[in-house]
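Protein chains: 2
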Amino acid sequence: MKVTIGLLGCGTVGAGVVELTRRRAGRIADMTGVRPVIKHILVRDEQKPRGVVLEGERLTTRPEDVLDDPEVRVVIETIGGIEPARTFILRALRAGKHVVTANKDLIALHGEEIFDAAEAAQAEVFFEAAVGGAIPLIRPLKGCLTSNEITDLKGIINGTTNYILSKMTETGAGFDEVLREAQELGYAESDPTSDVDGLDAARKLTILASIAFHTRVRLDEVRVHGIRSITAADVAYANDLGCVIKLLAVGRERDGALQLEVRPTLVPKAHPLASVSDAFNALFVRGDAAGDLMFFGRGAGSMPTASAVVGDLIEVMQHLRMGITETRGSNRLPKKQVHANQGPAGRYYIRLTALDRPGVFAKIAGVFGQAGVSMESVLQKRVKGEDAQIVIVTHAVSQGELAAAIQGLKDLGSVPSIDNVLPVEELEGEGPVLEDVMDDVVRTHPELS
Amino acid sequence: MKVTIGLLGCGTVGAGVVELTRRRAGRIADMTGVRPVIKHILVRDEQKPRGVVLEGERLTTRPEDVLDDPEVRVVIETIGGIEPARTFILRALRAGKHVVTANKDLIALHGEEIFDAAEAAQAEVFFEAAVGGAIPLIRPLKGCLTSNEITDLKGIINGTTNYILSKMTETGAGFDEVLREAQELGYAESDPTSDVDGLDAARKLTILASIAFHTRVRLDEVRVHGIRSITAADVAYANDLGCVIKLLAVGRERDGALQLEVRPTLVPKAHPLASVSDAFNALFVRGDAAGDLMFFGRGAGSMPTASAVVGDLIEVMQHLRMGITETRGSNRLPKKQVHANQGPAGRYYIRLTALDRPGVFAKIAGVFGQAGVSMESVLQKRVKGEDAQIVIVTHAVSQGELAAAIQGLKDLGSVPSIDNVLPVEELEGEGPVLEDVMDDVVRTHPELS
Numbered sequence: 001m002k003v004t005i006g007l008l009g010c011g012t013v014g015a016g017v018v019e020l021t022r023r024r025a026g027r028i029a030d031m032t033g034v035r036p037v038i039k040h041i042l043v044r045d046e047q048k049p050r051g052v053v054l055e056g057e058r059l060t061t062r063p064e065d066v067l068d069d070p071e072v073r074v075v076i077e078t079i080g081g082i083e084p085a086r087t088f089i090l091r092a093l094r095a096g097k098h099v100v101t102a103n104k105d106l107i108a109l110h111g112e113e114i115f116d117a118a119e120a121a122q123a124e125v126f127f128e129a130a131v132g133g134a135i136p137l138i139r140p141l142k143g144c145l146t147s148n149e150i151t152d153l154k155g156i157i158n159g160t161t162n163y164i165l166s167k168m169t170e171t172g173a174g175f176d177e178v179l180r181e182a183q184e185l186g187y188a189e190s191d192p193t194s195d196v197d198g199l200d201a202a203r204k205l206t207i208l209a210s211i212a213f214h215t216r217v218r219l220d221e222v223r224v225h226g227i228r229s230i231t232a233a234d235v236a237y238a239n240d241l242g243c244v245i246k247l248l249a250v251g252r253e254r255d256g257a258l259q260l261e262v263r264p265t266l267v268p269k270a271h272p273l274a275s276v277s278d279a280f281n282a283l284f285v286r287g288d289a290a291g292d293l294m295f296f297g298r299g300a301g302s303m304p305t306a307s308a309v310v311g312d313l314i315e316v317m318q319h320l321r322m323g324i325t326e327t328r329g330s331n332r333l334p335k336k337q338v339h340a341n342q343g344p345a346g347r348y349y350i351r352l353t354a355l356d357r358p359g360v361f362a363k364i365a366g367v368f369g370q371a372g373v374s375m376e377s378v379l380q381k382r383v384k385g386e387d388a389q390i391v392i393v394t395h396a397v398s399q400g401e402l403a404a405a406i407q408g409l410k411d412l413g414s415v416p417s418i419d420n421v422l423p424v425e426e427l428e429g430e431g432p433v434l435e436d437v438m439d440d441v442v443r444t445h446p447e448l449s
Numbered sequence: 001m002k003v004t005i006g007l008l009g010c011g012t013v014g015a016g017v018v019e020l021t022r023r024r025a026g027r028i029a030d031m032t033g034v035r036p037v038i039k040h041i042l043v044r045d046e047q048k049p050r051g052v053v054l055e056g057e058r059l060t061t062r063p064e065d066v067l068d069d070p071e072v073r074v075v076i077e078t079i080g081g082i083e084p085a086r087t088f089i090l091r092a093l094r095a096g097k098h099v100v101t102a103n104k105d106l107i108a109l110h111g112e113e114i115f116d117a118a119e120a121a122q123a124e125v126f127f128e129a130a131v132g133g134a135i136p137l138i139r140p141l142k143g144c145l146t147s148n149e150i151t152d153l154k155g156i157i158n159g160t161t162n163y164i165l166s167k168m169t170e171t172g173a174g175f176d177e178v179l180r181e182a183q184e185l186g187y188a189e190s191d192p193t194s195d196v197d198g199l200d201a202a203r204k205l206t207i208l209a210s211i212a213f214h215t216r217v218r219l220d221e222v223r224v225h226g227i228r229s230i231t232a233a234d235v236a237y238a239n240d241l242g243c244v245i246k247l248l249a250v251g252r253e254r255d256g257a258l259q260l261e262v263r264p265t266l267v268p269k270a271h272p273l274a275s276v277s278d279a280f281n282a283l284f285v286r287g288d289a290a291g292d293l294m295f296f297g298r299g300a301g302s303m304p305t306a307s308a309v310v311g312d313l314i315e316v317m318q319h320l321r322m323g324i325t326e327t328r329g330s331n332r333l334p335k336k337q338v339h340a341n342q343g344p345a346g347r348y349y350i351r352l353t354a355l356d357r358p359g360v361f362a363k364i365a366g367v368f369g370q371a372g373v374s375m376e377s378v379l380q381k382r383v384k385g386e387d388a389q390i391v392i393v394t395h396a397v398s399q400g401e402l403a404a405a406i407q408g409l410k411d412l413g414s415v416p417s418i419d420n421v422l423p424v425e426e427l428e429g430e431g432p433v434l435e436d437v438m439d440d441v442v443r444t445h446p447e448l449s
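If you're matching them up, the sequences are chains A and B in order.
Reminder that position 178 of the first sequence reads as 178 in our numbering, one-by-one numbering, no gaps.
Reminder that position 411 of the second sequence reads as 411 in our numbering, one-by-one numbering, no gaps.
If you're looking for bench data, these hints aren't it; they were derived computationally from the structure.
There may be inaccurate statements among the hints.
Intra- or inter-copy, both count: the list cannot distinguish identical chains.
Here are the computed lysine to any residue pairs in the SDA-like style, where the Cα-Cα straight-line distance is at most 25 angstroms [said to hold, decoys possible]:
| hint | residue 1 | residue 2 |
| --- | --- | --- |
| 1 | 335 | 23 |
| 2 | 269 | 426 |
| 3 | 336 | 29 |
| 4 | 142 | 322 |
| 5 | 335 | 31 |
| 6 | 269 | 172 |
| 7 | 363 | 347 |
| 8 | 336 | 214 |
| 9 | 335 | 82 |
| 10 | 142 | 31 |
| 11 | 335 | 35 |
| 12 | 269 | 236 |
| 13 | 142 | 334 |
| 14 | 142 | 23 |
| 15 | 335 | 25 |
| 16 | 142 | 324 |
| 17 | 2 | 149 |
| 18 | 335 | 34 |
| 19 | 2 | 324 |
| 20 | 335 | 27 |
| 21 | 39 | 322 |
| 22 | 269 | 166 |
| 23 | 336 | 31 |
| 24 | 48 | 83 |
| 25 | 335 | 220 |
| 26 | 269 | 240 |
| 27 | 39 | 320 |
This one's a predicted model, so the numbers in the text were calculated from it and none came from an experiment.
Whenever a hint applies, use it, and build me the whole structure from the sequences.
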């Protein structure tokens, strides 16, 4: 038996999917009893050279060749972006075809519409490749880890910004210079907004948080800070403080309300996320039973992304063979409250420019004292003209206390600018949040007691 | 609708399963449409105090109360060890009950018998908790990652030895002292053989390698070295060399043949596995499409283990609701060749005792040169009596070259003892092994090209 597949798009990811599906067809047939056959590939230009040599697959520029072919049971979408991908996927679902997609933008922005269409048609939508490339994230969160209340997500989920920050850390160069190099090397787009302003990470966080917290998160509920404000000085100060700067996507649930944020953060070098560099992605998950988990791997690339897409395809084919026509979860998830400005207490890094005069530092210290913010460390390294650069790391403070201290500095007159304020990550805590019912040691041979 | 469950054993893990199942019953019902109800719990002594307050669950000492009750659809086994767990599980499967187990010993040693019984009865066996505690490993290897040829597994999968090695590294104390402390604290058994001699890690490697390499690995095919030979001196020398010592379980497939080994190894501090300390476990996986992946989390403990068991239970219940009666994969896997002594070329750490006389080092260097082994670094730090302790790290050598050098040293007369020989791990390579069909950058908006 074979399953006929229609592929939408044959760019970087699509070509990888063609190659990998062909390479694994035998194994998939052994495992599922059905052989995957890509019949049509929708492209914009049939003449354009492809990264893969086509064998039986037919190129077409007419969407209906794929979407209206009743033989096609599964549609794989690798076009990316919202339109025409959205329209094509909805048409495929309404025709009862199952869909595998790598499209984070679409799932983040139109997930509800797509899942509703799938449920109505008793079809399935898989999107493991949409977040974290090759790393299994969506399926563990929807599967193994549903035994947990997940309280925290924390991830490096955008490769371009991680590459830029890694290079700034390695070379000491500034943001603009590294961005330009990344663009020349093809690691950043000519319009880098989506990546460097944190929007891509925010879309992925929207997807992860919706699954982990069993709700539907909207993109506009994520507080987003990009990395344009990070200077070579910040990177150097962070290094002096034993940290590296990473763009973290953070989701938390506390007392039924969510906090969602993408923000450059100082991460201590001993923290497992600190060693995730260049194009690698990683996600920390804390569950109340599992404790801390981390998933790490390649977040992008033709083959790593195809790895996740073809993994989903295998699952779809297993379901087809077993005759599963029912989607697993309900699409009607409760909406949870999102607190935009109430993150937990934490340490902060504050870089400011102060007039280099006697008594100014005492005034600054006074402002912090009045706001109830105590200082953990102070650096004062580079002086330009009459000004001094001061870096302060606070002890854990609430966002209210932090805001009061910042306002006090602004009112002071002797602080011409507050140049950057970044959170400082703690080293991960250690363990399950639920109290272990017995002790924390699994005996090699627990006895029948 | 409810699903009735029988639980075998109510020790550390079993009590966690009772607690977590009760806590998550509502969510499981929402997700699967069925509510899990633990009806019977088989124990050896009904009077013994439990780590969990029982509500509706009935304690029994008679196995037939659980195994012969037709209402019981799922049996969860948390007894551990081979018997009576094996007999109970086989009886449950033959009665058509699905089985969830945390029993690594049983799956490693009697997996084939159990999977055959399951296939014959059209029942399912889940064992996510058997390796890596809370970390999703079995399901990603059986699911998402089946799109890959997996070439390498490398893991820290025994908590007791990782705790002992972590403490030796932190405190500088010797093996015996740290083992004694670990036993007092309950982190090591009074008979620590299974852990410290590497057998527990070997059993888990047997399970992981069978799944990852699509074959059936036997425990006796794993070359096992424990950590008893690791001294405080080795730990200190490793530190001087920028490494920590970890007990790694390694599986590789090269040209259709496997190499399987559990062995203490020097791991560079910048390697992600180096920061996996105490009770944490981690597994590196390299797939030909996905590239390098790492999974990290708590390898033991009542709640982390229950997290995996209840995750499996949820899967079983979803299958029951959807009416899946078919197991997914075939149990008839091809046997692959295992090469016991043909690991790839690599660097080695050699600690030896030499007579502290002029010319001895030149002789040692001569032996290495003759064997074709070049030296990367040499340490000579501690001298006792008339002897010198010498530590040599080689460049990458084959096992044949290494063996020739060791034999040469033994024949030399001026090397009274070769105290330890340990492999040195390389920093992980960077990427997918299959050539990416286009380039290695995923555009944020890949165009329909």
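Hint numbers not upheld by this structure, sorted from lowest to highest:
none
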